[in-house]
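> Residue numbers (this note's numbering), protein chains in the order written: chain A, 145 to 507; chain B, 30 to 324.
Keep in mind that the hints were calculated from the coordinates and are not lab data. Note that beta-carbon positions come from the ideal geometry of N, C-alpha and C, so glycine has one too. Heads up, a few of these hints could be off.
[As the list claims (entries may be wrong)] With beta-carbon atoms standing in for the labels, derived distance ranges:
hint, chain 1, residue 1, chain 2, residue 2, range
1, B, 108, A, 401, 49 to 55 Å
2, A, 328, B, 134, 19 to 25 Å
3, B, 134, A, 335, 37 to 43 Å
4, B, 119, A, 328, 18 to 24 Å
5, B, 119, A, 377, 34 to 40 Å
[Unchecked claim] Listed next, the in silico SDA-like pairs over lysine to any residue satisfying Cα-Cα at most 20 Å (straight line):
hint, chain 1, residue 1, chain 2, residue 2
6, B, 114, A, 314
7, A, 172, A, 222
8, B, 47, B, 81
9, B, 114, A, 222
[Said to hold, decoys possible] So, partial list: chain A residues that the calculated Cβ filter (under 10 Å) puts toward chain B:
hint, residue
10, 195
11, 196
12, 199
13, 249
14, 257
15, 317
16, 320
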Amino acid sequence: MVVILGIVLAPQLFGDGDDERRLGVSGKASRPLAEALENLPQSASVSVETRSFPDEADATAAVKSDDVNAALIDGRFVVESEAPEDLVAVIQAAGQQVRAQELIRTRQVPQDELQAVLDPEPVAVRALDPPEPQGDQLEAIAAVGVLLLYLQVITYGYWISMGVTEEKSSRVVEVLLAKTRPAPLMAGKVIGIGLLAIGQLLLLSAVGIIASVVTGVIELPTEAAGTIAIVLVWFILGFALYAMLYAAAGALGSRQEEVQNTTSPMTIVLIAAFMLSFQVLQDPDGTLVRIGTFVPLAAPLVMPLRITMGEAPLWEIAASVALTLAAIALLIPVSGRLYSGAILRTHTQTKLREAWRAGRGSH
Amino acid sequence: MLELVEVSRRYGGVVALKDLSLSVPKGRMVGFVGPNGAGKTTAMRIVLGLQEPDSGDVRWEGRPLDGAVRRRIGYMPEERGLYPKMRVLEHVIYVARLSGMDADAAASSARLWVDRFSLQERANDRVETLSLGNQQRVQLALALAHDPDLLVLDEPFSGLDPVGVDLMSDVLKDEVAGGAAVMFSSHQLELVERICDDVAIINNGRLVASGTVDELRSTGGRSIRVEGSEGAVDEVTALPGVTVRAGGACWVVVQLDGSLDGEQVLDAARASGTVSHFSTERPSLTELFREAVAQ
Numbered sequence: 145m146v147v148i149l150g151i152v153l154a155p156q157l158f159g160d161g162d163d164e165r166r167l168g169v170s171g172k173a174s175r176p177l178a179e180a181l182e183n184l185p186q187s188a189s190v191s192v193e194t195r196s197f198p199d200e201a202d203a204t205a206a207v208k209s210d211d212v213n214a215a216l217i218d219g220r221f222v223v224e225s226e227a228p229e230d231l232v233a234v235i236q237a238a239g240q241q242v243r244a245q246e247l248i249r250t251r252q253v254p255q256d257e258l259q260a261v262l263d264p265e266p267v268a269v270r271a272l273d274p275p276e277p278q279g280d281q282l283e284a285i286a287a288v289g290v291l292l293l294y295l296q297v298i299t300y301g302y303w304i305s306m307g308v309t310e311e312k313s314s315r316v317v318e319v320l321l322a323k324t325r326p327a328p329l330m331a332g333k334v335i336g337i338g339l340l341a342i343g344q345l346l347l348l349s350a351v352g353i354i355a356s357v358v359t360g361v362i363e364l365p366t367e368a369a370g371t372i373a374i375v376l377v378w379f380i381l382g383f384a385l386y387a388m389l390y391a392a393a394g395a396l397g398s399r400q401e402e403v404q405n406t407t408s409p410m411t412i413v414l415i416a417a418f419m420l421s422f423q424v425l426q427d428p429d430g431t432l433v434r435i436g437t438f439v440p441l442a443a444p445l446v447m448p449l450r451i452t453m454g455e456a457p458l459w460e461i462a463a464s465v466a467l468t469l470a471a472i473a474l475l476i477p478v479s480g481r482l483y484s485g486a487i488l489r490t491h492t493q494t495k496l497r498e499a500w501r502a503g504r505g506s507h
Numbered sequence: 030m031l032e033l034v035e036v037s038r039r040y041g042g043v044v045a046l047k048d049l050s051l052s053v054p055k056g057r058m059v060g061f062v063g064p065n066g067a068g069k070t071t072a073m074r075i076v077l078g079l080q081e082p083d084s085g086d087v088r089w090e091g092r093p094l095d096g097a098v099r100r101r102i103g104y105m106p107e108e109r110g111l112y113p114k115m116r117v118l119e120h121v122i123y124v125a126r127l128s129g130m131d132a133d134a135a136a137s138s139a140r141l142w143v144d145r146f147s148l149q150e151r152a153n154d155r156v157e158t159l160s161l162g163n164q165q166r167v168q169l170a171l172a173l174a175h176d177p178d179l180l181v182l183d184e185p186f187s188g189l190d191p192v193g194v195d196l197m198s199d200v201l202k203d204e205v206a207g208g209a210a211v212m213f214s215s216h217q218l219e220l221v222e223r224i225c226d227d228v229a230i231i232n233n234g235r236l237v238a239s240g241t242v243d244e245l246r247s248t249g250g251r252s253i254r255v256e257g258s259e260g261a262v263d264e265v266t267a268l269p270g271v272t273v274r275a276g277g278a279c280w281v282v283v284q285l286d287g288s289l290d291g292e293q294v295l296d297a298a299r300a301s302g303t304v305s306h307f308s309t310e311r312p313s314l315t316e317l318f319r320e321a322v323a324q
């Protein structure tokens, strides 16, 4: 939580706000350009603060010691190693302005006409398909949601596997199974750790959002509530799906060192699905992404973004949710059977097929 | 009464249990013995519902065992298992709660059993910090804390020091005196002989002998020990119908088949020499076990 607060608050405390460049100025030839730079219009991408130096040596020294970002010495532009592009751009613009003013002054154009030419009217823009005003922020919320789902499944899914394997390796599982059936034992682990994962997620999100809104880092549009709800629903679906697989994988291992082995297939699928969610940002209606919509292990990472970007037709959303729910319903007995079949084989890592056979009828 | 009725179980091509029937009445202690791999652990796991029999029934008080009854069985698995990070008292309470006790009853009962096993000073220590012998005491406390009517204990004495064995024996005797049905497996046959009311011997998944300890010992052929002159000992050794179990220059232990009795042996010995010692001995459980398993 401290980390979250730190991330939100750090730019507030240490950031330098807008981009400001310090430019050393030396020599008479640099004077008109420096004045033009001081009077750059507000819309310029950087603002420039000039500082005068009595001679070339002082100005050069200031550049070297990073007191200034660059210097104008007798009209020449001096930098330490590489010229900051934005600074070069404004200096060129200022140079044009100086030369134009010089030219106009020699031709004796009246001052008001001059000003009218130099201060152009803003460009009138008419968009054919204007972006939703808060679209970017909603996408950001969905993207963070997907990232959190990925992180929580990796962390807590692995935790579920380790917990199951620990009960096997310490042999305590036989005492437990004498008191209850494998299915409730597995469900207890998945639901318990799942609630912990969701609880932690909600707590951290709440702290992050409240801190961000209070400090004004982000403004939360009202549509955000809908996006958060979408993220949450998919989080629960995705976590349930993966958690059951991780529980069964945990049961296949007999020692904690084997957990890495038995969970790696899920971890690979999860990482692939996470990569696919980047693809959504690039091409929300691409073939791969649309396939991911209908693959239950990928959908929870793909759909929050697609829905938020407004790129998923309603029927695809409905089909995706239905397929994911169906997969969960299917996995409950399948994972339960694997878990039952493997949970008492405490000596060696159990093969998938053996666990499936041994689990017949005993969960 | 716990009853196993013609319980069979195979693992692939291996017969683990074949038509095993035995019963454990309330108020009796049944010793369950057999060589390694005979099927003792499989039978106990089937009673607990940890494995399914291919055929046959397990009944308690005449009814098939269901989850609610099984939860009440005091069970000690062959593979000891505890949560290493849990604290002793907390662990006993946890399993007592799983066995259906309410929180208060579980707490007071757990405290009682932790005291009984002299673990009171370790009550708030993590299980992993205890010696294996003490962990085993915790394990037995887990089996007993919910006051079960039926105890199924797989090798409860293995790994205990003599003091632990005595403590465990006393505890089990008390449970039986209180009306519980107790079934335990063991390789310590002298101990089984001493504390059990009934014994069931299994081999290769089949019951090969069962009954009270006295019954078993009297059904086995009696053995006779004769000490005396060389002539007497040689004569006894050469008698038809005897099997020599052990012997030296001037003593021999023989087992008789049905064709002759002790008096005939004594007469034959005295006819050929002098006899300084003559006794009949009932076979020990160890001898019965060897015989039963050898068949």
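> Can you confirm whether the C-alpha distance between residue 114/B and residue 222/A stays at or below 20 Å?
Given pair residue 114/B, residue 222/A is violated - Cα atoms ~67 Å apart, limit 20 Å.
> Under 10 Å, Cβ to Cβ, is where residue 320/A needs to be relative to chain B, so tell me if that hint holds or is violated.
With a closest approach of 7 Å, the residue 320/A hint holds.
> Taking 49 to 55 Å as the hint, is the beta-carbon distance of residue 108/B and residue 401/A inside that range?
19 Å, violated
> Is residue 47/B within 20 Å of residue 81/B, Cα to Cα?
Cα-Cα ~14 Å, so holds.
> Below or equal to 20 Å on CA atoms is what counts here, so check residue 172/A against residue 222/A.
This hinted pair holds, its Cα atoms lying about 16 Å apart.
> Between residue 119/B and residue 377/A, is the Cβ distance one that fits in 34 to 40 Å?
Once the Cβ atoms are compared, 37 Å apart, the range 34 to 40 Å for residue 377/A and residue 119/B holds.
> Holds or violated: residue 257/A as interface residue toward chain B, Cβ cutoff 10 Å?
85 Å, violated
> For the hint 18 to 24 Å, verify it against the beta carbon of residue 119/B and that of residue 328/A.
Given about 21 Å between the Cβ atoms, the range holds.
> Does the Cβ pair residue 328/A, residue 134/B satisfy 19 to 25 Å?
22 Å, holds
> Tell me if the interface restraint on residue 249/A is satisfied: Cβ within less than 10 Å of some Cβ in chain B.
It is violated, given that the least Cβ distance between residue 249/A and chain B is near 85 Å, above 10 Å.
> For a C-alpha distance cap of 20 Å, please report whether residue 114/B and residue 314/A respect it.
Cα-Cα ~10 Å, so holds.
> Just to be careful: measuring from the Cβ of residue 196/A to every Cβ in chain B, is the smallest value less than 10 Å?
Violated: closest Cβ of chain B sits about 70 Å from residue 196/A, beyond 10 Å.
Violated hints, in rising order: 1, 3, 9, 10, 11, 12, 13, 14; the structure is consistent with all others.
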